[in-house]
Amino acid sequence: MKLSQTESSMLAGKEGRATQKCMEILVALGEIYGADRLIPVSSAQVSGVSYKNLGDAGIEFLDELAVDGRARVKSTLNPAGMDLSSWKEQRINEEFARKQLEVIGAYTRLGLEPACTCTPYLAGNLPAFSEHIAWSESSAVVYANSVLGARTNREGGPSALAASLTGRTPYYGYHLDEGRTPTLRVEVSALLESPEDFSAMGYYVGKVARNGVPYFRGVESAGLEDLKTLSAALASSGGVAMFHMEGITPEANMAPKQSMDSLSFDSGDLRNARETLSDSGQPDFIAVGCPHCSLTELATIAQRLKGRTLKRELWVCCSRAVKELADKTGYSRTIEASGARLACDTCMVVAPIESMGFTVVATNSAKACHYLRNNGLRVRFLPLEKCLEEAM
Amino acid sequence: MKLVGRVIYRGNAEGKALVTSQPLSFYGGVDPATGKIVEKGHELAGESIVGRILVFPNGKGSTVGSYILYRLRSSGLAPAAIINRECETIVAVGAIISSIPCVDKIELGKIAPGVRVSIDGALVQL
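Protein chains in written order, with our numbering: chain A, 1 to 392; chain B, 1 to 126.
If you're looking for bench data, these hints aren't it; they were derived computationally from the structure. In this text, a Cβ means the ideal position worked out from N, Cα and C, and glycines have one as well. A few of these clues could be false.
[What the hints assert, rightly or not] Examples of chain B residues lying across from chain A (beta carbon under 7 Å, computed):
1) 70
2) 96
3) 115
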């Protein structure tokens with residue numbers, strides 16, 4: 001790989017230890033994936049924030065970088081293991097909370113914004129078409145590549161952090177035109193009526209597409225919430241980093257239509273996809289907002305919960321940025337008056353739900369079903385409306 | 001026997017080979033408190049990676065696995081070195097941040113389980 005003079009001196013340690021360690025990471029990855037050089041990035045989004053996953057060694061590593069490291073581009077954090085302000089009400093134990101705040105402290109010293117969301121594009125980190133970025137939240141990677149037309153590989157937490165602290169990433173994969181070529185045509189004849197339908201479809205297609213690039217045909221319209229949950233599902237059952245949707249996503253027209261494998265998705269497949277996502281059992285915990293809710297979703301939820309009193313624990317997960325808008329529009333008050341919890345900075349997947357005594361979770365997200373099952377919980381995949389009814 | 005691979009993280013190490021033909025996930029697959037492989041159904045389940053020359057084709061699973069390697073290193077439970085057929089992001093980043101010597105592009109079939117292995121940069125000697 002060819003490095004510029006500046007990059008070589010960064011690698012030699014002339015700009016400090018943190019920069020050097022980060023360059024070592026980027027150069028090694030560049031060599032592994034056959035990049036010929038590094039390119040500048042304008043934005044980073046960094047996962048590896050929940051103390052549940054990082055542990056004490058993760059804190060140690062971040063503290064070490066924070067000695068002389070500093071973000072060089074716009075950088076936001078993924079969700080943490082708790083709501084950073086109302087963790088006590090969330091019944092998080094003090095030891096966990098103290099450690100989680102240490103993690104956030106280290107990242108903040110490094111100059112990353114504690115947006116703590118999987119939807120940075122709803123919280124001020126919104127790259128433009130064809131911008132090179134380095135993001136590591138898998139659902140946001142798919143959304144950025146597919147819907148925004150920005151360019152990122154599926155980074156891991158440390159490699160996105162390395163991009164943040166150096167302003168660079170190796171030039172390969174989804175940064176190149178050829179990496180963005182569709183590999184699997186998906187002929188959709190199922191009627192998609194809600195974001196949950198898009199979510200189930202994403203889970204089904206992700207399994208088949210694996211690391212490929214699905215090209216959806218036959219979808220008449222898709223809104224932000226549909227595309228957000230589709231992105232998340234595609235990235236959880238498979239290793240998808242990008243999709244195209246004819247007539248909807250910006251690069252669908254430019255994509256070469258060479259011969260590719262084909263898959264159909266009809267109403268029977270939709271029904272099957274929904275069923276395979278559900279276990280049995282009465283839910284004792286209901287969680288929506290995977291990925292984090294938009295203001296539109298909070299409006300719908302507030303409308304449904306208005307004047308109701310909930311019988312079961314309901315978490316509505318969103319970014320603090322979106323919650324502040326919901327505070328001003330009154331949605332937050334309505335939602336919380338029902339007994340539901342607006343959980344900011346975190347979500348049902350990265351918070352330690354499994355150690356809080358819950359066993360069956362109802363959610364409207366295929367991604368959440370996938371990861372909650374991995375955490376040892378049983379799940380029910382239901383439309384938003386039904387999730388809210390379960391809580392009442 | 002001498003084998004030459006590609007350096008992912010340069011260093012010297014020596015130890016007994018712990019070999020598998022199955023990919024390995026550090027997140028969920030290795031217990032950071034003991035250094036033992038705990039992935040259900042893995043052919044090395046129950047084996048300790050502490051101080052071994054860990055030989056496996058490639059990493060898999062969550063990228064949080066990189067931090068698990070760092071945790072193992074901090075508590076003295078890391079492998080002495082890692083040899084892969086084809087290194088990927090999780091293992092590469094984990095080895096670099098934890099300063100664990102790591103080499104890939106090695107024909108793993110040539111390394112018998114339990115044999116003494118020494119590593120010096122790209123050079124692997126049995």
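So, going through the hints one by one against the coordinates:
1. 70: holds (5 Å)
2. 96: holds (5 Å)
3. 115: Violated, because the Cβ-Cβ distance from residue 115 of chain B to chain A comes to roughly 26 Å (cut-off 7 Å).
Hint check: a violation occurs at hint 3 only; the rest are consistent with the structure.
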